[in-house]
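Number of protein chains: 2
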Amino acid sequence: MTEIQRPLILVSNDDGINAKGIAALVEVAKQLGRVVVVAPEQGQSGMSHAITSAIPVRLRHVREEENVSWYAVSGTPADCIKIAMYEVLNRKPDLVISGINHGSNSSVAVIYSGTIGAAVEGTLYGIPSIGFSLLDHSANADFTAAKRWFAPIIKKVLAKGLPHFTLLNVNIPNIPSEKIKGYAHCRVTHGKWSEEYEKRTDPQGKSYYWLTGFFQNDEPGATDTDEWALANGYVAVVPVYVDWTNHAFLNQMKQEWRFDEELAKKE
Amino acid sequence: MTEIQRPLILVSNDDGINAKGIAALVEVAKQLGRVVVVAPEQGQSGMSHAITSAIPVRLRHVREEENVSWYAVSGTPADCIKIAMYEVLNRKPDLVISGINHGSNSSVAVIYSGTIGAAVEGTLYGIPSIGFSLLDHSANADFTAAKRWFAPIIKKVLAKGLPHFTLLNVNIPNIPSEKIKGYAHCRVTHGKWSEEYEKRTDPQGKSYYWLTGFFQNDEPGATDTDEWALANGYVAVVPVYVDWTNHAFLNQMKQEWRFDEELAKKE
Chain A
38 MTEIQRPLIL VSNDDGINAK GIAALVEVAK QLGRVVVVAP EQGQSGMSHA
88 ITSAIPVRLR HVREEENVSW YAVSGTPADC IKIAMYEVLN RKPDLVISGI
138 NHGSNSSVAV IYSGTIGAAV EGTLYGIPSI GFSLLDHSAN ADFTAAKRWF
188 APIIKKVLAK GLPHFTLLNV NIPNIPSEKI KGYAHCRVTH GKWSEEYEKR
238 TDPQGKSYYW LTGFFQNDEP GATDTDEWAL ANGYVAVVPV YVDWTNHAFL
288 NQMKQEWRFD EELAKKE
Chain B
38 MTEIQRPLIL VSNDDGINAK GIAALVEVAK QLGRVVVVAP EQGQSGMSHA
88 ITSAIPVRLR HVREEENVSW YAVSGTPADC IKIAMYEVLN RKPDLVISGI
138 NHGSNSSVAV IYSGTIGAAV EGTLYGIPSI GFSLLDHSAN ADFTAAKRWF
188 APIIKKVLAK GLPHFTLLNV NIPNIPSEKI KGYAHCRVTH GKWSEEYEKR
238 TDPQGKSYYW LTGFFQNDEP GATDTDEWAL ANGYVAVVPV YVDWTNHAFL
288 NQMKQEWRFD EELAKKE
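Each protein sequence line maps, in turn, to chains A and B. Count the first sequence with the numbering used here and you get residues 38 to 304, in order. Count the second sequence with the numbering used here and you get residues 38 to 304, in order.
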């Protein structure tokens with residue numbers, strides 16, 4: 038295969054360029070194409086789709102390996118994709134993959150996740166994009182099963198693409214590869230975080246708040262959600278839609294909600 | 038009306054507690070209920086739905102005014118809503134409103150916007166939530182028309198609520214109130230940002246990148262989008278869905294996409 042025929046794969050994450058998870062994802066990706074990594078210098082967990090505009094960002098060429106170029110950016114995951122498109126790549130990549138995140142991005146974590154932020158940015162550029170996460174927060178998480186189970190998803194998306202404004206959010210349980218039952222195509226679980234802070238007092242006697250809390254599944258009985266799939270030993274694959282319009286309610290609102298009546302009433 | 042009967046309205050933004058836009062929104066809100074402001078100490082534009090977890094956050098009681106309590110948080114807009122729910126409010130508010138943003142949050146800006154981040158967080162708590170923006174970035178923007186046109190929307194949502202996982206993203210053109218033609222119920226315009234950076238060289242000779250660029254409307258002919266509405270003198274009201282599942286593609290994927298075939302092929 039010549040260089041020109043190989044797919045160009047842009048890799049990012051939110052745990053930073055030195056995370057074990059991104060190295061695992063690069064191992065998979067370099068078997069399938071030419072890889073360019075553009076990842077944050079520092080951990081950017083929970084940065085969602087944040088972009089840096091109040092200060093400039095720096096781009097650092099880290100190293101070249103066979104089939105893999107590594108770059109680091111002093112910004113967010115979304116910044117990484119933007120800088121990659123603007124400055125690093127000489128053509129539109131065939132795929133954006135982000136991760137492998139150390140920790141779950143299932144359910145509403147999809148909204149807070151910097152891993153998904155990078156994949157959303159790829160999607161806005163019209164590039165098929167996937168976010169990958171393993172349900173193990175630890176820095177030394179074992180990505181063996183993740184590599185095996187994620188590779189077919191990357192191959193499929195390289196072959197078939199994805200619909201407009203749609204990315205995949207893929208999570209894998211933290212269990213040995215042979216225990217995994219298969220792939221589950223799921224929807225986003227409705228849920229929220231509860232009791233979210235720990236209040237502490239600093240040495241000067243002033244209080245401060247650490248984010249903590251636990252996830253509350255609002256539909257524990259549902260069997261078509263990513264939470265169900267993960268709890269039952271499946272790789273959860275969720276198609277995420279970046280067009281946020283609630284079309285059903287838009288139609289209802291058009292018929293029933295007349296704001297100008299209120300405006301007239303007032304005057 | 039007694040205190041108990043009055044709606045409890047939580048107000049936040051992403052331009053920070055001292056912005057002119059949040060003062061304008063409070064002016065409207067305090068006519069309609071008891072107001073608690075919990076807003077970022079500093080500007081948080083472009084912070085999307087980011088949350089602060091690597092460092093703690095501080096909460097500062099700024100001042101009390103008639104019918105309005107003001108608090109500031111050393112974090113993001115989403116942090117503000119979380120801290121408000123955890124520590125500031127003694128009951129679930131009836132409404133979360135965010136803004137008025139200095140500058141547009143139409144089209145895909147809805148994804149990057151910290152103003153919308155606060156409204157998304159309110160939505161995840163099951164509270165009807167609205168993000169408001171004026172198409173004028175300047176610190177001294179004139180919010181006169183915005184106040185007049187946004188009040189009926191707040192009243193309607195207080196009276197009727199919003200569907201589960203759905204918020205409103207409301208933008209108003211920067212034109213005099215009497216020039217505004219009415220309300221338009223719209224969908225999110227598909228688009229992206231182009232030529233996004235300005236590359237500069239620092240005094241040490243090293244390069245850095247400032248975010249810049251311009252918005253490119255991918256469907257300039259459509260007349261049911263927020264971009265169209267704003268360009269034609271309407272207040273654009275978009276119902277935003279926080280359940281990101283692409284259900285249509287999920288169904289297709291369930292039928293057509295078998296990742297395990299790839300897995301079997303490999304082994």
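Incorrect hints may appear among the rest.
Each pair may be met inside one copy or between any two copies, as identical chains are not told apart.
[Stated by the list, open to error] Calculated pairs, BS3-like style, for lysine-lysine (alpha carbon to alpha carbon, straight line, at most 25 Å):
hint, residue 1, residue 2
1, Lys218, Lys129
2, Lys129, Lys197
3, Lys229, Lys216
4, Lys216, Lys236
5, Lys236, Lys184
6, Lys229, Lys302
7, Lys67, Lys291
8, Lys302, Lys129
9, Lys236, Lys67
10, Lys291, Lys243
11, Lys193, Lys129
12, Lys218, Lys243
13, Lys243, Lys302
14, Lys129, Lys192
Think of the hints as simulated: they come from the structure by calculation, not from any bench. This structure is a prediction, so every number in the text was calculated from the model and none was measured.
To see whether the hints hold, each was checked on the structure:
no.	hint	result
1	Lys218 x Lys129	neither (36 Å within a copy, 41 Å between copies)
2	Lys129 x Lys197	within (17 Å within a copy, 46 Å between copies)
3	Lys229 x Lys216	neither (29 Å within a copy, 42 Å between copies)
4	Lys216 x Lys236	neither (40 Å within a copy, 50 Å between copies)
5	Lys236 x Lys184	neither (39 Å within a copy, 37 Å between copies)
6	Lys229 x Lys302	neither (38 Å within a copy, 39 Å between copies)
7	Lys67 x Lys291	neither (50 Å within a copy, 28 Å between copies)
8	Lys302 x Lys129	neither (53 Å within a copy, 29 Å between copies)
9	Lys236 x Lys67	neither (45 Å within a copy, 30 Å between copies)
10	Lys291 x Lys243	neither (50 Å within a copy, 53 Å between copies)
11	Lys193 x Lys129	within (19 Å within a copy, 45 Å between copies)
12	Lys218 x Lys243	neither (50 Å within a copy, 51 Å between copies)
13	Lys243 x Lys302	neither (49 Å within a copy, 60 Å between copies)
14	Lys129 x Lys192	within (18 Å within a copy, 46 Å between copies)
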